[in-house]
Amino acid sequence: MAHTFPTSETTMGAALNRALRDALAADPDVLVYGEDVGPLGGVFRVTDGLTADFGEERCFDSPLAESGIVGTAIGMAAYGLRPVVEMQFDAFSYPAFEQVTSHLAKMRNRTRGAVTLPVVIRVPYGGGIGGVEHHSDSSEAYYTHTPGLRVVTPGTPADAYSMLREAIDCDDPVLFLEPKRRYWARETVELPVRTEPMQRSVVRRSGSDATLIVYGPMVATALEAAEAAAGEGRDLEVVDLRQLAPFDDATVTASVRRTGRAVVVHEASVFGGYGAEVAARVTEQCFHHLEAPVLRVGGWDVPYPPPKLEEHHLPGVDRILTAVDRLQWESEWVEGR
Amino acid sequence: MAHTFPTSETTMGAALNRALRDALAADPDVLVYGEDVGPLGGVFRVTDGLTADFGEERCFDSPLAESGIVGTAIGMAAYGLRPVVEMQFDAFSYPAFEQVTSHLAKMRNRTRGAVTLPVVIRVPYGGGIGGVEHHSDSSEAYYTHTPGLRVVTPGTPADAYSMLREAIDCDDPVLFLEPKRRYWARETVELPVRTEPMQRSVVRRSGSDATLIVYGPMVATALEAAEAAAGEGRDLEVVDLRQLAPFDDATVTASVRRTGRAVVVHEASVFGGYGAEVAARVTEQCFHHLEAPVLRVGGWDVPYPPPKLEEHHLPGVDRILTAVDRLQWESEWVEGR
Amino acid sequence: MRLVDRHGVRREHSSFTVPDPAMLAELHRAMVIGRRFNQQAGTLARQGRLAVYPSSTGQEAAQVGGVLALGERDWLFPSYRDSVAMLTHGVDPVETLTLFRGDWHCGYDPHRYRCAPQCTPLATNASHAVGLTYAARHKGHDVAALVLMGDGATSEGDTHEAYNFAAVWNTPVVFLVQNNHWAISVPLHRQSVAPTLAHKAVGYGMRGYHVDGNDAAAVHSVVAHALTEAREGGGPAIVEALTYRVDPHTNADAPQRYRDDGEVEYWVERDPLIRMETLLRNEQIVDDGLLEVYERDAERIATVVRDRMAGEDRLDPASLFTDVYAEVPPVLERQRNELAEELREV
Amino acid sequence: MRLVDRHGVRREHSSFTVPDPAMLAELHRAMVIGRRFNQQAGTLARQGRLAVYPSSTGQEAAQVGGVLALGERDWLFPSYRDSVAMLTHGVDPVETLTLFRGDWHCGYDPHRYRCAPQCTPLATNASHAVGLTYAARHKGHDVAALVLMGDGATSEGDTHEAYNFAAVWNTPVVFLVQNNHWAISVPLHRQSVAPTLAHKAVGYGMRGYHVDGNDAAAVHSVVAHALTEAREGGGPAIVEALTYRVDPHTNADAPQRYRDDGEVEYWVERDPLIRMETLLRNEQIVDDGLLEVYERDAERIATVVRDRMAGEDRLDPASLFTDVYAEVPPVLERQRNELAEELREV
Ligand SMILES: Cc1ncc(C[n+]2csc(CCOP(=O)(O)OP(=O)(O)O)c2C)c(N)n1
Ligand SMILES: Cc1ncc(C[n+]2csc(CCOP(=O)(O)OP(=O)(O)O)c2C)c(N)n1
Ligand SMILES: [Mg+2]
Ligand SMILES: [Mg+2]
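Note that the protein sequences, when read in sequence, are chains G, W, A and E. Heads up, the first sequence is in my numbering, so the first residue is 1 and it goes up one at a time. Heads up, the second sequence is in my numbering, so the first residue is 1 and it goes up one at a time. Heads up, the third sequence is in my numbering, so the first residue is 1 and it goes up one at a time. Heads up, the fourth sequence is in my numbering, so the first residue is 1 and it goes up one at a time.
There's no promise every hint is true.
Some chain W residues flagged as far from chain G (calculated, every beta-carbon gap over 12 angstroms) [said to hold, decoys possible]:
no.	residue
1	Glu56
2	Glu98
3	Glu133
4	Thr188
5	Gly299
6	Asp301
7	His312
Okay, the calculated bits of chain W under chain G, using three or more residues with CB under 8 angstroms as the criterion [stated by the list, open to error]:
no.	region
8	106–119
9	134–142
10	228–236
11	244–250
12	274–288
Estimated spans, in silico, between C-beta atoms of each pair [said to hold, decoys possible]:
no.	chain 1	residue 1	chain 2	residue 2	range
13	A	Gly233	E	Glu269	45 to 55 angstroms
14	E	Asp142	G	Pro28	41 to 51 angstroms
15	W	Asp27	G	Val317	45 to 55 angstroms
16	G	Gly130	E	Val328	51 to 61 angstroms
17	G	Asp171	E	Leu343	23 to 33 angstroms
18	E	His111	W	Glu190	58 to 68 angstroms
19	E	Glu72	A	Ala252	21 to 31 angstroms
What the hints contain is simulated information worked out from the structure, not anything from laboratory work. C-beta: ideal position from N, C-alpha, C; glycine also.
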């Protein structure tokens, strides 16, 4: 009988769940805890069934205190465990900001490498799910400006699986940002899967006219925009950054040198957002290849709006294409008029 | 007898003290509290004598809890007071991050303007004083990416006075970042003084060859660098940004359009730092005026180092001038080689 | 502490007395309205007219008992679960739901109702109450505050800081902890191993009260007492009201994953409304007629909510930019124009 | 709780006993060394050889008493003021000072000494101790931890969270609060109005002990007892040791701005070393000869510190980049080269 190679469809949420399962099975030092990650399986069900299948010792609910969650994870990791903790929503990671910034990020450095903290902090982040206030923040810029942290965010189910496994195996502390509105995004892929190493950006779509630089929730949106642009005769390349910090810009600079034009897109407010870093460094490194300034598209510089207005806040295909249109396709463009 | 117009020398610390005094005297709703701001006068003596002169009701020590300090200030401001609170050092403002981000910054917006929070948070920030770990962070990027906050930082004693008065009078919450290593910087100026409105950047030195874009502790360093460059025949303009958010880029873009070259300098790590925003937006708006990419100079992308290494971390005159040298003064420069 | 048992019978207590009949009737009325409001909001959530709704069915006594102890100038600091408290405090029912409807964050003017915005980041508004009452005293005003928080929220560092600031500054704040046994799916024993949550008061030099949270009379009596003491300089207090969330955490919750129906039944048998109704009937404080009036009042509010929710408000996208700063800064002015441009194009 | 009064006389106590003579001698020896170490470090700070030094003169009994109660595999979580505790725990004296000398942040390998980095952000390492002991138990190891914190630090939210996690998880941690009456310039009554800081234990379902922190015997006895109970599953505990910081907060402090000399004198009269020495002499546990040996040991360590501090270590600027991540990423590789270039140019 001939072998059939099964393929199957998975959501990003299911891929993350599978990654946690496989990590728990592979390494007895891994454990998962946080608020409601036990019997409930997390408010997004990413930890569904872990307590049932691995026992309370491996996946459990902790007291409701984010600073304490990260602080205890630091202590556990210092003693050789690999804790994977969850912050229930983006804005609820702020109480842990001091632990993340002053301890988690710096411990290796403070101790000249003697103390290694392989902690993964999972944070469902970003908007688009109609969440009330404090449930839709994109906080990546706070973390990417903090040396010592790795900040990664998957854009596809396969990457979600692979990058979470890598993050758990990694000896650096990892802020693992999960684009919550993509939890239900589907992909046909056989798990377990290993994609490119997480520190490498990947070209999700090749194109020659301009580069869309994206990550997390915007990967799918950018691909959609590129499709739409193709209809209008513009061939856009889409680069998915994946690991935001420390950042390896080889892929993205190579792309921009080729296309000569770029737009960085994220959900976060543009001002002081991660896109500023990307735009600045791409410009530093590709200046003479650029036909137009690197433009940035994102949320407005306002607090994340209520559900009924989020469609006007979040960048979508139209806002991206408008930016692409502004990339000075005619030659006699001069700014400041 | 002829009138003599007294002039006098003041330090930045004394100017801030005077601003607090004058604000306390001018408005009974102003009050000052925090850790050690009472009888001790603050660890930098910025609140020296306020308790003695205005009474315990107006300037006092609170329990040692930064989140509580900001949280109570929010409540006070909601009831019509104008609290000025101190975070003893930059890194010790992190415990208050949730209060700042999720409440202080957003309250006006959340309530459609019904609740105004005229809170000033004074934060001595930055390095250069030989402080041990957690005493030298430059945390401006965390705050400037948070819509709803005003983030300001003075570079001179006169500005310190004027901007603090303005900040206290302002109906927006203000993160008032005090460049601690300039507390002892002197200037001959008669107090009270009112300088330019804080939201406006100012040209501290005119020049035609390139623009140094700076703020806070780097204003003095940039002026020094410009002096040194003048000796080598390069005429640098120095723009002091002052209010970092919300940012009014008119002054700086006008300068860069004139000079065609720019370097942004700050103490903070470059990656994801405030300089990225400045570089990105200046490039967006001045692209065809630029002879070279806007470069960034700052601390390395590492945790703030111990005292004995900080000289190698902090940008000084040399690092700035090296960046200026890299502004492609010869015409056939191509990046990426 | 209990003043009325689950069969609606008065219990003697050495230091607390049952509120007078008028207040008992008022407590009941507010609970009837609250119960109906929760139901109505639940329906709207199921219909998709609310983005989310955290019901407080089962907790009416705690909310109503606490709020009706407040004076004229006192402030309420509610969490997301405290719609019934807010309603009782006088906040407009539709404005109470603005947050959950997704129209805006805070749907009302906090100053108008002396009611802080519903708080989602747990425990973070507790210190606001401390600051507000401090400021009021500073200005010579007699203003106390009631902070509502859950059992889970007591684990947060912000709770500790607020308790401590209140105690050290001796501000008139009562922290009413609605211990409904669960923080979403996390049971109390994973949150605290203290004998009671009221015991936490000891560590702050505060008074702590432990009360049957399904006994509106008891909650009212204790909170009123604590507020009086606090006003007179006796310091803040923690009141733990033992109660139960009968409904799911929100309409999006799946309680069957973490709790037994039996537990819910146990608490349904201890329903705060039935208990109070029995007392009121037995003691002839209210008759059928008045009870019907309460039901009608409740129904009327439910209808108002339903009707006013029926229409779809047009939200002006430009309002995104207006209340970020006291004045719209140039950078937001430009963005407002960009958005207007976007909207013109589609 | 006191076992030895300020005149060096034993006091009876129903549940605690004075440690055996060998331990008393050991406690004294460690205090003598600690006192001398503080002096030496103070001198180095005055000479500018240390960037800053927070002395613990006056607090030796609390630190030494706590640390000597630890077992072989137990961990210490010190703050910046706990050099004496660290020294007693076995940390190299010069490595203890690395932080203050400005050579690096943490001067030692925490695993080697089972000693966490000295903690500057107040109260933040308390939860680390909870996590570490949790992990040890998870791996089947018998490891307890002693967290040192100040009175001021108890106001921080992180303290609360750590206490609570420890209690709920039942991890073997003893939180030793050195109540030295001041948080820099802020007196205790502005920090807490609880009867004692040990009372905070009640709110976590923990045991709390209040002890004379200048009585090394008492501190040792109580901490040893609390550790034993904790190891046996009895849960964590708070031990409040009442003591006094005789020196300024650090060499940069100006205590005359906030406290009277009289207060200092009061505490100097209650010096922990004199008390212990009196006891040891009266009970002939040590003689002049042994006391001289202790002094010599102390002097020897002071000399070692002085000598090893005399030279100026050459710090390699490139070390800025090495331990930020497990591997040096390309972006830091480039920056390392840039810095090397800078250094070549000057
Ligand atoms: C700081 C913070 N962390 C996490 C959450 C997510 N969250 C919302 S409600 C909830 C449980 C709260 O339980 P409790 O305080 O007992 O209140 P209840 O919902 O039972 O009324 C959690 C964890 C939050 N809102 N804020
Ligand atoms: C989170 C944080 N806030 C503020 C400070 C600044 N600070 C350093 S020591 C100190 C006082 C600490 O007092 P206490 O806890 O009693 O310890 P002691 O210095 O008396 O030993 C303060 C406010 C800090 N280190 N960390
Ligand atoms: Mg609850
Ligand atoms: Mg102290």
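Quick rundown of the hints versus the structure:
no.	hint	in the structure
1	Glu56	29 angstroms, holds
2	Glu98	4 angstroms, violated
3	Glu133	7 angstroms, violated
4	Thr188	35 angstroms, holds
5	Gly299	9 angstroms, violated
6	Asp301	5 angstroms, violated
7	His312	15 angstroms, holds
8	106–119	holds (count 3)
9	134–142	holds (count 3)
10	228–236	violated (count 0)
11	244–250	holds (count 3)
12	274–288	holds (count 13)
13	A:Gly233 - E:Glu269: 45 to 55 angstroms	36 angstroms, violated
14	E:Asp142 - G:Pro28: 41 to 51 angstroms	19 angstroms, violated
15	W:Asp27 - G:Val317: 45 to 55 angstroms	51 angstroms, holds
16	G:Gly130 - E:Val328: 51 to 61 angstroms	43 angstroms, violated
17	G:Asp171 - E:Leu343: 23 to 33 angstroms	29 angstroms, holds
18	E:His111 - W:Glu190: 58 to 68 angstroms	59 angstroms, holds
19	E:Glu72 - A:Ala252: 21 to 31 angstroms	51 angstroms, violated
Of the numbered hints listed earlier, those contradicted by the structure are 2, 3, 5, 6, 10, 13, 14, 16, 19.
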